[in-house]
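Chemist: Each chain is listed here by its residues.
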Amino acid sequence: MFKTVLTIFMIVCIAVLGGGASVWYMLNANESVGAVTIGGWTAFPEIGTPDADPYAKARMAREGVLALGRAEGLTFVAQRDSTGEQLRRECSYTVEGPVPPARFWTIYAADADDAIIESNKLRPSALHSYQLLRRPDNSVTITVGANPSPGNWLALSGAGKMSFVLTFYDTPIASSTGVADIELPEIINAGCNG
Amino acid sequence: MARLFYAALIALVGAAIVHITVLFLLPSFSDRDAWARLAEAADFYKPVRIDAAAGEVPLVRSLDPLFYASACRFDLADGPVHVHTPGNVPYWSVSIYNRGGQNVYAFTDRTTDTGLLDVVVLTAAQMIETRKQLPEEFRKSILVEAPVGQGIVVVRSFVPDRSWQATATRFLRDVACTRS
Numbered sequence: 001m002f003k004t005v006l007t008i009f010m011i012v013c014i015a016v017l018g019g020g021a022s023v024w025y026m027l028n029a030n031e032s033v034g035a036v037t038i039g040g041w042t043a044f045p046e047i048g049t050p051d052a053d054p055y056a057k058a059r060m061a062r063e064g065v066l067a068l069g070r071a072e073g074l075t076f077v078a079q080r081d082s083t084g085e086q087l088r089r090e091c092s093y094t095v096e097g098p099v100p101p102a103r104f105w106t107i108y109a110a111d112a113d114d115a116i117i118e119s120n121k122l123r124p125s126a127l128h129s130y131q132l133l134r135r136p137d138n139s140v141t142i143t144v145g146a147n148p149s150p151g152n153w154l155a156l157s158g159a160g161k162m163s164f165v166l167t168f169y170d171t172p173i174a175s176s177t178g179v180a181d182i183e184l185p186e187i188i189n190a191g192c193n194g
Numbered sequence: 001m002a003r004l005f006y007a008a009l010i011a012l013v014g015a016a017i018v019h020i021t022v023l024f025l026l027p028s029f030s031d032r033d034a035w036a037r038l039a040e041a042a043d044f045y046k047p048v049r050i051d052a053a054a055g056e057v058p059l060v061r062s063l064d065p066l067f068y069a070s071a072c073r074f075d076l077a078d079g080p081v082h083v084h085t086p087g088n089v090p091y092w093s094v095s096i097y098n099r100g101g102q103n104v105y106a107f108t109d110r111t112t113d114t115g116l117l118d119v120v121v122l123t124a125a126q127m128i129e130t131r132k133q134l135p136e137e138f139r140k141s142i143l144v145e146a147p148v149g150q151g152i153v154v155v156r157s158f159v160p161d162r163s164w165q166a167t168a169t170r171f172l173r174d175v176a177c178t179r180s
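Chains F and U, in that order, give the protein sequences.
The opening residue of the first sequence carries number 1 in the numbering used here; numbering runs sequentially from there.
The opening residue of the second sequence carries number 1 in the numbering used here; numbering runs sequentially from there.
If we strip away everything but chain F, and leave its shape as in the complex, we get (with noise of 0.2 Å):
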C-alpha cells in the first residue's frame, strides 16, 4: 500500500517538475522553432504574429515584448562572430558584407539582458543606415569597439557578454519572398583588449 502511494507521488513529481523545468528550459533556449538563421544572425520572422509557435508566444507573455509587425521591419540577432565566439565587450569587431533592401536599417550592441550598451562618450550607441560613410561599391564597414576608429564606430563600454541586434525598417525582405536567400553582414573579430 505504501509503495503505491509513493510510487504514484514520484510520479507526481517527476510529470509537474520535469514538465514545468522542460518549459522553463525552453523558453529560456535563444534557439526555438521559426528561427531563420543566416550566417551568424537569426531572426524570428513570425515572433509576434498570431501565426507564432506557442513557445515564441509563451516566450513573448512572459517577456512583456511588443514585437514589430511585418510591415515594419524584421530584427536579426547575432551572438557569434565568424569563426563562432561568443561576442565579447572587450573585443573590436569589423562588421561588414552586404546588406539586403530596405528603406533604412539600424545596428547597435545589446548585453546579457537585451539592453543596448551605451557608449559613455558623445557618441550614439546605435548607429543607422542614413549616417554610415559607404564605399564606392555601396557597402558599408562598420568598426565596433571601445578604442575610436576611423570611418564608422559604433562606440561600446563595458565587459561581458553582448550581442548585435541589426534591425530592417520597411523592408521586402520581412515579407513572404524568402527571409533565408538574402545576405548579411559578416562579424570579424579584430582583436580583444586584456
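Simulated restraints, written as ranges between beta carbons of each label pair:
(1) U:8 to F:20: 14 to 22 Å
(2) U:111 to F:181: 21 to 29 Å
(3) U:46 to F:138: 39 to 47 Å
(4) U:12 to F:138: 52 to 60 Å
(5) U:29 to F:4: 27 to 35 Å
(6) U:178 to F:101: 32 to 40 Å
(7) F:20 to U:9: 16 to 24 Å
(8) F:135 to U:32: 41 to 49 Å
(9) U:116 to F:191: 43 to 51 Å
(10) U:110 to F:189: 33 to 41 Å
(11) F:181 to U:110: 19 to 27 Å
(12) U:78 to F:90: 48 to 56 Å
Just so you know, the hints here were simulated from the structure itself, not pulled from any lab data.
Just so it is clear, CB atoms sit at the ideal spot from N, CA and C, and this is done for glycine as well.
Dock chain U against the given chain F, drawing on the hints supplied.
Modeler: Showing chain U alone in chain F's frame:
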C-alpha cells in the same frame, strides 16, 4: 523492473502533459506581458511613452534605441478608436496588437499619401456601419479592420539623431487616442 519501467513511462507522459499545459496557459496568465505593463502605467485611451528615453526603464522591452514609441490600449466594444497626430517625422509606423500582444496589423508612413498619421481601428461590424455614412472626421483616415476586441495600438517614430528628438517627442506627445 517492469513495474519501475511502467512508472517511469507514466511520469514521462505526465511531464509531457504538464509541459504542454503550462506552455499554452502561460500567455493567458502572465502578469508580465505588454498588456499588464501598460495597464499599470495608464488607463484605456491614454497614450503612454514606452521607450527608454521617456523614463529610466522602458515599459516594453526590445525597442530600437533609435526609436521613440507611444502606446495606448483600447476596447473596440466601446466603439471604433481614432488615433491621429499632427506633424511629421522621418519615419513612423503604426502597429495594432491584440490583447495577447501579438501584432495583427502594421503599416508605415508610406501607406498614406500625405504622410500624416490618422487611423481608425474598428471591427468588421463597425466597418459596415461606418462605411454607410462616413463621419466627417474619418474622411482622411485609414480605416483598419482588426480582428480584436481589446488591443494595443503602438506608434513608433524614428529619431535619426539628437536634433530630431524634440520633433519626435512632440509628434508622440500630440498622439490622440480617442473612441468615437
